[in-house]
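Those protein sequence lines, which keep their order, are chains A and B. So in numbering that gives the first Met the number 0, spot 118 of the first sequence is number 117, and the numbers just go up one at a time. So in numbering that gives the first Met the number 0, spot 263 of the second sequence is number 262, and the numbers just go up one at a time.
In case anyone wonders, no lab produced these hints; they're calculated from the structure. Values in this document were obtained by computation on a predicted structure and should not be read as measured data. The reader is advised that the hints may include incorrect statements.
Unchecked claim - In silico DSSO-like cross-links for lysine-lysine, where the CA-CA straight-line distance does not exceed 27 Å: (1) B:308 / A:29; (2) B:15 / A:137; (3) B:101 / B:236; (4) B:347 / A:69; (5) B:267 / B:390; (6) A:69 / B:54; (7) B:236 / B:308; (8) B:232 / A:69; (9) B:54 / B:65; (10) A:66 / B:168; (11) B:308 / A:126; (12) B:15 / A:126; (13) A:66 / A:29; (14) A:78 / B:168; (15) B:65 / B:308.
What the hints assert, rightly or not - Restraint ranges, calculated between C-beta atoms of paired labels, are given here: (16) B:171 / A:184: 31 to 37 Å; (17) B:201 / A:85: 55 to 61 Å; (18) B:3 / A:184: 33 to 39 Å; (19) B:233 / A:235: 30 to 36 Å; (20) A:230 / B:11: 33 to 39 Å; (21) A:113 / B:212: 28 to 34 Å; (22) A:85 / B:233: 23 to 29 Å.
What the hints assert, rightly or not - Residues from chain A that keep clear of chain B, each with C-beta distances beyond 12 Å, as calculated: (23) 52; (24) 83; (25) 86; (26) 108; (27) 180.
Ideal placement from N, C-alpha and C gives every residue a C-beta, glycine not left out.
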Amino acid sequence: MQEEIIAASSLCVRLNNQTILDNVNFNVAKGEIFALLGGNGAGKSTTLKTLLGIVPPSEGSAAVMNKSVKTDIDFIRSKVAYLPESVMLYGHLTGVENIEYFLSLADITCSESDIERALVRVALQEKAWRQPMSNYSKGMRQKAAIALALLRDAPILFLDEPTSGLDPNAIDEFNQLIATLAAEGTTVFMVTHDVYGACQIAHRIGLLDHGKVVGMFERGDQSHINTEEVHSAFSKRNKR
Amino acid sequence: MSLFSNLHRETKFLAKQRNLQLLFATIFVLSCFAVWSGISETTSQITTIERLIEKDTIDREGVLAKQSDYGSAAYYSFHLTYSSPSNMAFAAIGQRDIYPWKHRIRMLAIEGQIYETDADNPELSFLGRFDFAFLVSVLLPLFVILLLHDIRSVEREAGRYDLLVTTSKRQQRLWFSRAIVMCSALSIALILPFIAGALYTQASLATTGLMLLVVLGHITIWMTLTLTFTASKAAVKQSSAKIASMLLAVWLAVAVLVPVISNIAIEKMVTSPKGGDILLTQREAVNDAWDLPYSATWDEFLSTHPQWKNGIDMGPTFEWKWYYAFQQVGDQKASKLSNAYREATLKKDKLASHFAWLSPPMLTQRLMSSIAQTDTYAAMRYEQNIRNYHKELREFYYPLFFTENTFNLDKMSELPKFSDHKEKSKG
Ligand SMILES: Nc1ncnc2c1ncn2[C@@H]1O[C@H](COP(=O)(O)OP(=O)(O)OP(=O)(O)O)[C@@H](O)[C@H]1O
Ligand SMILES: [Mg+2]
Numbered sequence: 000m001q002e003e004i005i006a007a008s009s010l011c012v013r014l015n016n017q018t019i020l021d022n023v024n025f026n027v028a029k030g031e032i033f034a035l036l037g038g039n040g041a042g043k044s045t046t047l048k049t050l051l052g053i054v055p056p057s058e059g060s061a062a063v064m065n066k067s068v069k070t071d072i073d074f075i076r077s078k079v080a081y082l083p084e085s086v087m088l089y090g091h092l093t094g095v096e097n098i099e100y101f102l103s104l105a106d107i108t109c110s111e112s113d114i115e116r117a118l119v120r121v122a123l124q125e126k127a128w129r130q131p132m133s134n135y136s137k138g139m140r141q142k143a144a145i146a147l148a149l150l151r152d153a154p155i156l157f158l159d160e161p162t163s164g165l166d167p168n169a170i171d172e173f174n175q176l177i178a179t180l181a182a183e184g185t186t187v188f189m190v191t192h193d194v195y196g197a198c199q200i201a202h203r204i205g206l207l208d209h210g211k212v213v214g215m216f217e218r219g220d221q222s223h224i225n226t227e228e229v230h231s232a233f234s235k236r237n238k239r
Numbered sequence: 000m001s002l003f004s005n006l007h008r009e010t011k012f013l014a015k016q017r018n019l020q021l022l023f024a025t026i027f028v029l030s031c032f033a034v035w036s037g038i039s040e041t042t043s044q045i046t047t048i049e050r051l052i053e054k055d056t057i058d059r060e061g062v063l064a065k066q067s068d069y070g071s072a073a074y075y076s077f078h079l080t081y082s083s084p085s086n087m088a089f090a091a092i093g094q095r096d097i098y099p100w101k102h103r104i105r106m107l108a109i110e111g112q113i114y115e116t117d118a119d120n121p122e123l124s125f126l127g128r129f130d131f132a133f134l135v136s137v138l139l140p141l142f143v144i145l146l147l148h149d150i151r152s153v154e155r156e157a158g159r160y161d162l163l164v165t166t167s168k169r170q171q172r173l174w175f176s177r178a179i180v181m182c183s184a185l186s187i188a189l190i191l192p193f194i195a196g197a198l199y200t201q202a203s204l205a206t207t208g209l210m211l212l213v214v215l216g217h218i219t220i221w222m223t224l225t226l227t228f229t230a231s232k233a234a235v236k237q238s239s240a241k242i243a244s245m246l247l248a249v250w251l252a253v254a255v256l257v258p259v260i261s262n263i264a265i266e267k268m269v270t271s272p273k274g275g276d277i278l279l280t281q282r283e284a285v286n287d288a289w290d291l292p293y294s295a296t297w298d299e300f301l302s303t304h305p306q307w308k309n310g311i312d313m314g315p316t317f318e319w320k321w322y323y324a325f326q327q328v329g330d331q332k333a334s335k336l337s338n339a340y341r342e343a344t345l346k347k348d349k350l351a352s353h354f355a356w357l358s359p360p361m362l363t364q365r366l367m368s369s370i371a372q373t374d375t376y377a378a379m380r381y382e383q384n385i386r387n388y389h390k391e392l393r394e395f396y397y398p399l400f401f402t403e404n405t406f407n408l409d410k411m412s413e414l415p416k417f418s419d420h421k422e423k424s425k426g
């Protein structure tokens, strides 16, 4: 078996007497792209937040690189680049300045040309690079945040709806980028509603519903996961 | 990551926040104004004193030239006493606003002259003058609260919190270094005008250093308090506005309520004679003396001045020595009240110093006026200076009243001169 990077076992999360995650189990291997699919309020973002130590597990365990979120959260955070659900950076700073600031928080010094290269990779138009981010559109903000996550140069990516707000071209480019990174050994854990996109790039898809993992789909020998199969499982759940 | 690189990063970050720069500029202007207002007050006090000193000698020489006996020379000549502000007084005018700092006194009974202008009611002047001490003790906490209350919550409300804490190597350091950088900028905005003022008034390095320590100490107290509160469970789910109002309540309690309530409590706890009572007691003693037999005055006088027992025989007419003896007796009669007054004042001050432990602003204000020598002790020292000087005057005149009789103007050049003893230890 391949090196296990992310593991949740019997993971339960309760907030305000409400069960948000209910006995969740999964493993993600090194270099794997794992997508967590589910409807609104299924508990996808909560899963990511639990793995990042933002939300504490009530029962069971969550671990990244064999370190528990309860005991080694600083280590875990140093290995993970996180793209939050709704990206908000500092409006009064430019895209480049924001990226510089957040990188220096993580103790990473990047040359300006590195940052520019990353911004080219995520296809953020050049004239926006040095504008205050308060002038950015949602998609532009998303691109800047993706560039930031890439520049973290972390072995693990946690992406919460990374393609939301991106135009179709940008989504294609993004998917290619993720595939390349995974091929280079980066482990990707992403959360999405986008059944089609997930099926295109993910090696495995977990279907989450009301805090429970209700299905697991694998690519196997195929070039991608069967979209129809996932789609019907997904819509069946969501119709209930 | 070292704390230094954290501070460097946050300094760069702060440098790009226009609204905060505007706030610091406003605080700088306020501080300039406070320092300027303190300096203009102390300068005007010094000018007044200098003018009075000049006038004092001229007036007295004019009066003395017209006299033909020592008794009327003593009666008609005034002597200026004063307490000049220390070089640091501009930063904390303190009790100089409440207690008088100049008196023109005569050889008459002294207690009444001291308490003629009774101290103003200190409660009314609680908020006091807008000087540097007021800025530091009362307003500074508000600036710290303004800067730091939303240090976390603003990030939560803007949706950046999770990204910040998961990206930051050590999140406590992030908040701490942010707070340090903001409070440093605040300190600089406050302190620069003060240092300029201290250089201008040539205050000593030691007192300037002590003042700076107090300012930084007070900032540290409020920074710690605010940071601890924003990190607490109670604040985690609150909005910035809610956190601000909770911290403002704390400020209101310690900066306004504690001083006002402790003032009221102290007035209740310590009974003090009024300055007016002292004046009245002494005046009555003096007025009654005219109608009493000479022996009543002499008995009282000799009980404290036995050395003049051979000089008390009286002629058929009015004699100055008897007049000044009953002035002295008036002081002796008032001395119990005046001692009680002083003791009560010091006791009140002592109690206030205990209450000040409940209120960092009060403590700060007290420390600053103590360093600037504008506290109650300084006011008491000045009163004592007046008494000592009056004693010197009496010691000069008594031999003239009781033994010699022919007036010699040259002798008057030996009149003791008042000196402001603070001069030596001037800060
Ligand atoms: N801090 C919290 N306190 C209480 N309940 C919460 C909290 N955060 C999330 N929840 C609840 O947990 C459930 C799952 O939320 P989560 O954000 O994980 O959903 P999601 O799958 O990411 O949904 P979406 O697709 O809309 O982003 C929701 O019902 C939400 O109301
Ligand atoms: Mg979500």
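Hint check results:
1. The suggested pairing of residue 308 (chain B) with residue 29 (chain A) is violated, with an alpha-carbon distance near 111 Å, which exceeds 27 Å.
2. For the hint pairing residue 15 (chain B) with residue 137 (chain A), the CA-to-CA distance comes to about 23 Å; that is within 27 Å, so the pair holds.
3. Simply put, residue 101 (chain B) and residue 236 (chain B) have alpha-carbon atoms about 57 Å apart, too far for the 27 Å limit, and the pair is violated.
4. Between residue 347 (chain B) and residue 69 (chain A), the direct Cα distance comes to roughly 55 Å. Violation of the 27 Å bound is thereby established for this hinted pair.
5. Distance restraint check for residue 267 (chain B) and residue 390 (chain B): the Cα-Cα separation of roughly 35 Å exceeds the 27 Å cut-off, and the hinted pair is therefore not satisfied.
6. With a C-alpha separation of about 81 Å, the suggested pair residue 69 (chain A) and residue 54 (chain B) falls outside the 27 Å cut-off, and the hint is violated.
7. Between the alpha carbons of residue 236 (chain B) and residue 308 (chain B) the distance comes to roughly 84 Å, so the proposed pair goes past 27 Å and is violated.
8. This hinted pair checks out: residue 232 (chain B) and residue 69 (chain A) have alpha carbons roughly 19 Å apart, not beyond 27 Å.
9. Using a Cα cut-off of 27 Å, the hinted pair residue 54 (chain B) and residue 65 (chain B) holds, with the two alpha carbons roughly 17 Å apart.
10. For the hint pairing residue 66 (chain A) with residue 168 (chain B), the CA-to-CA distance comes to about 17 Å; that is within 27 Å, so the pair holds.
11. For the hint pairing residue 308 (chain B) with residue 126 (chain A), the CA-to-CA distance comes to about 104 Å; that exceeds 27 Å, so the pair is violated.
12. For the given pair, residue 15 (chain B) sits about 20 Å from residue 126 (chain A) by alpha-carbon distance, which is consistent with the 27 Å threshold.
13. Of the supplied pair hints, the one linking residue 66 (chain A) and residue 29 (chain A) holds, its CA atoms being roughly 15 Å apart against a limit of 27 Å.
14. This hinted pair checks out: residue 78 (chain A) and residue 168 (chain B) have alpha carbons roughly 11 Å apart, not beyond 27 Å.
15. Restraint check: the Cα-Cα separation between residue 65 (chain B) and residue 308 (chain B) comes to about 31 Å, which exceeds 27 Å; the hinted pair is violated.
16. Under the hint 31 to 37 Å, the C-beta atoms of residue 171 (chain B) and residue 184 (chain A), about 32 Å apart, fit the expected range.
17. Distance hint for residue 201 (chain B) and residue 85 (chain A): a CB-CB separation of about 59 Å, consistent with the stated range 55 to 61 Å.
18. Between residue 3 (chain B) and residue 184 (chain A) the CB atoms are about 34 Å apart, so this pair conforms to the stated range of 33 to 39 Å.
19. Separated by about 45 Å at the C-beta atoms, residue 233 (chain B) and residue 235 (chain A) break the suggested range of 30 to 36 Å.
20. Distance hint for residue 230 (chain A) and residue 11 (chain B): a CB-CB separation of about 49 Å, inconsistent with the stated range 33 to 39 Å.
21. Take residue 113 (chain A) and residue 212 (chain B): their Cβ atoms lie about 45 Å apart, and the range 28 to 34 Å is violated.
22. With their beta carbons about 27 Å apart, residue 85 (chain A) and residue 233 (chain B) fall inside the hinted range of 23 to 29 Å.
23. The beta carbon of residue 52 (chain A) is not kept farther than 12 Å from every beta carbon of chain B, the shortest such distance being approximately 8 Å.
24. Here residue 83 (chain A) does not stay apart from chain B, with its beta-carbon only about 5 Å from theirs, under the 12 Å limit.
25. For residue 86 (chain A), the non-interface assignment is contradicted: its Cβ lies about 8 Å from the closest Cβ of chain B, within the 12 Å cut-off.
26. Under the 12 Å C-beta cut-off, the non-interface status given to residue 108 (chain A) relative to chain B is violated; the minimum distance is some 9 Å.
27. Under the 12 Å C-beta cut-off, the non-interface status given to residue 180 (chain A) relative to chain B holds; the minimum distance is some 19 Å.
Consistency note: the structure conflicts with the earlier hints numbered 1, 3, 4, 5, 6, 7, 11, 15, 19, 20, 21, 23, 24, 25, 26.
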